[in-house]
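Student: Read off the chains here:
Protein chains: 2
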Amino acid sequence: MSKPTKTAITPTRAEDYTEWYQQVVKASDLADRSPVRGCMVIKPWGYALWENIMRVLDGMFKETGVKNAYFPLFIPLSFLEKEAQHVEGFAKECAVVSHHRLEKGADGGLVPAGALAEPLVVRPTSETIIGDSFSRWISSYRDLPILINQWANVVRWELRPRVFLRTTEFLWQEGHTAHASAAEAVKRTQMMLDVYARFAEEFLAMPVIKGRKTASERFPGAVDTLCIEAMMQDRKGLQAGTSHFLGQNFARASQIKFQSAQETEEYAWTTSWGVSTRLIGGLIMTHGDDDGIILPPKIASSHVVLMPIFRKSEDRTNVMAYVESLAKELKEKIYHDRRLQVEIDDRDIGGARGWEWIKKGIPLRVEIGPRDIAGDSVYVGRRDQDHQTKVSLKREYFVEEVTQILDKIQQNLLERALSLKEEHTVTIDDKNDFYDFFTPQNTEKPEIHGGFALSNWCGVDECESKIKEDLAVTIRCIPLRGNTPTGRCIYCGKPGESRPVFAKAY
Amino acid sequence: MSKPTKTAITPTRAEDYTEWYQQVVKASDLADRSPVRGCMVIKPWGYALWENIMRVLDGMFKETGVKNAYFPLFIPLSFLEKEAQHVEGFAKECAVVSHHRLEKGADGGLVPAGALAEPLVVRPTSETIIGDSFSRWISSYRDLPILINQWANVVRWELRPRVFLRTTEFLWQEGHTAHASAAEAVKRTQMMLDVYARFAEEFLAMPVIKGRKTASERFPGAVDTLCIEAMMQDRKGLQAGTSHFLGQNFARASQIKFQSAQETEEYAWTTSWGVSTRLIGGLIMTHGDDDGIILPPKIASSHVVLMPIFRKSEDRTNVMAYVESLAKELKEKIYHDRRLQVEIDDRDIGGARGWEWIKKGIPLRVEIGPRDIAGDSVYVGRRDQDHQTKVSLKREYFVEEVTQILDKIQQNLLERALSLKEEHTVTIDDKNDFYDFFTPQNTEKPEIHGGFALSNWCGVDECESKIKEDLAVTIRCIPLRGNTPTGRCIYCGKPGESRPVFAKAY
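These protein sequences, in sequence, are chains A and B. Residue numbering for the first sequence follows the numbering used here, beginning at 64 and increasing consecutively. Residue numbering for the second sequence follows the numbering used here, beginning at 64 and increasing consecutively.
Excised from the complex, chain A in its bound form (with noise of 0.2 Å):
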């Protein structure tokens, strides 16, 4: 038997999850704090990651037909003020611009000057300012739909930031459309959260549960909410995306109008959905292990790291050789939709290498050293095994496997986090064991409570919010299949009227 084994994160996730998100986010050189309260630096690895996301999310957006445009950062106040559950919903967190340039002050220090007649709001998101555009675009049915969507920045002032899941400044898309009918605009909304889902499961190895947001937890504005929700490796609920039918709400405020075939004048039914860079976050908490981070090797910022070894500095020219050849050969395969990507990391700062790129999460590393080349064999490591478990392959073989090894890898994230979202996702009927399940000090293993409970609600407001005081659990959303309730409310006992997931959520 092994001895237990150092951890390269301290805190292990079993002592303290929280921590080891933070130490796991600096260790995997993913992201780095900034001088700017709540705004981070997504560095090169982490930005690598979101290229990867942008690139194939894009691809799928404009395979529905989907074109991209660009709005922009600033909203006017009466804009945002037209849609009056919008703005209630934003107002909390709205980083404010009130003047356009800086002059000396009093003290020869500089100081804000040329204030502006009406205020502008750092967009929160952009159906008011969209909108006005669709106001202008669109006349008649033959106009539409309309598809547009916007890889952006967005702002929204966080009190309690955290890194990827909650900044004040984040990443995104965003989609909105318009359409003839409500119909069409549903279908939409539907279709968008069928390619977000795809997307997390496919790309992020993300297993997800596709449902509708009840009216408490809707987006400011929205006549239906439909989310995709993930669970994380502490059995906590993450919202991974969302996909909104508006109605003709934000038509409505925005005087989004077109004469209809008919020649009556209708309001436009519009969508809009998204994702973020808080996907990354989800990612980590998916994924990650004590060592670090394990990138799905399908959006992995790089597939395989080479490592040469040399022992005697007059090996040096023959391994970096070898070395060079092999990472030649090897992007020279295409892996799914892109080249495989490959470094070379020749620094001499021993057992620190390999570890650094344990860290980050790169699917495959390799040595090589004279003894491999000798027997003309590559010395690998998967992400997704123990660090000690390294075999030694023919390097003609490996590089003929590496993409079907990089496809195992990926597999096998997928079934591990879908085996934790199953172990973890259970019926409950009883009241008590409810709240026994949300709560630790009731279990023997404190560690291995909660997750996604499917239970049943009788769809009263109330009792979701008596729920959520009690345990700080919450309706994550009610699913699109299987939402059919089987027996009485969890809380009051009432007939249920449907059964949604409940769990204590991001």
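It should be emphasised that the hints constitute simulated quantities derived from the structure, not laboratory data. Ideal placement from N, C-alpha and C gives every residue a C-beta, glycine not left out. A couple of the hints might just be wrong.
[Unchecked claim] Examples of chain B residues lying across from chain A (beta carbon under 8 Å, computed): (1) Glu114; (2) Ala132; (3) Tyr133; (4) Pro135; (5) Phe137; (6) Ala158; (7) Pro175; (8) Pro182.
Fit chain B to the supplied structure of chain A, relying on the hints for placement.
Tutor: Chain B alone, transformed into the frame defined by chain A:
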């Protein structure tokens, strides 16, 4: 002889170049005004162009070892103040965030609340905020060089905005690098200028002069500013990209220090370089004609539009089947680094359809009716030729040759732009000639005055500013090649120190 035909754009370039520009932007569907003063909406046709510009440039940057990252939108005022010239240069155009929420005011409307202790500036450029990260990322010469790029939006408050050319918010990339020696940083500054020049000529078909700015036009805080300058069709100059050697100025301001190989503590040497959505304005003014824009195929939003023609409704099925099979075949072709982009426009709106695509500048328009199909041929119009010049080509030949035809268009656009530049770049040694050259009423044909004047300069600021005062003509740059003075200063008559490019400019 054919009669002169009406143009699609009113006024023409000769009638009113400034207004022609505005009308082309509108007619080409590239961008739209926004309700936020000075900000633009980039419409799908314009954003696709920007996506292509980003994709190509991003690849070129990465080939030189640059990696992308992302830094905060907001810069604390105190950061901006760290470099005296820098803040001086940007203070007059800074959007200032002063509050972080909205609350109900006395009259019931929303007013800014939650005043910030320190105001934040919306980044006009990111030297100071990125410098802060660099100061934490760099400790030894082994950490250098650091080569970073960011694709982002920036804000510089414009009092006289013009779409694409000068907007309050614009999209750009900003590269930031740090090096262990001045020589290395200077080399990088030049390398990126070369990338810009190559991109402008090979992809935008926009010939440029590589040069150096005089002290008065230097980036605030830079030691040296290199630039590429292009000639527009009204013979004014457009600064299309800049690359700055920042010396140790920003390293001192942000405390970017490293331990050298000799174990001394040194300030790093930094550079920054950027191009923006202004390139799209340059593209319009380089290639546009009195019918709209002309998109160079290598970066065009799309390459080919297929326009089915059916006089009788029973033709429709056949014609559409033919058009769709042709589109499928064309989309399989690779044009440089991407698949051929093909549009099908089957709207029944008469001649307006063809004109729309002419105004939008798509390189190839293809009409296909029952008679063409009978002869298995297509009727092709090239956007770089007169709109009446169309040729019937065998379908097979067209498919075979389409990428070569696109290359010919690309080449033709570059040659036209080169001749314009050569024709209107003149060597002027006499002060009266110089004043005549830049004074329309002194010439017989006011519409053909002006251009780039290569004239000697003594190197003294005062001569530069007197010329600017008299003629609104500035030194665009001192060309990197062929700048040896050939005589006396065009203004004061003292010995010349260099021979810069003088021109009116955007």
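Student: Checking against the hints above, which ones are violated?
Tutor: none
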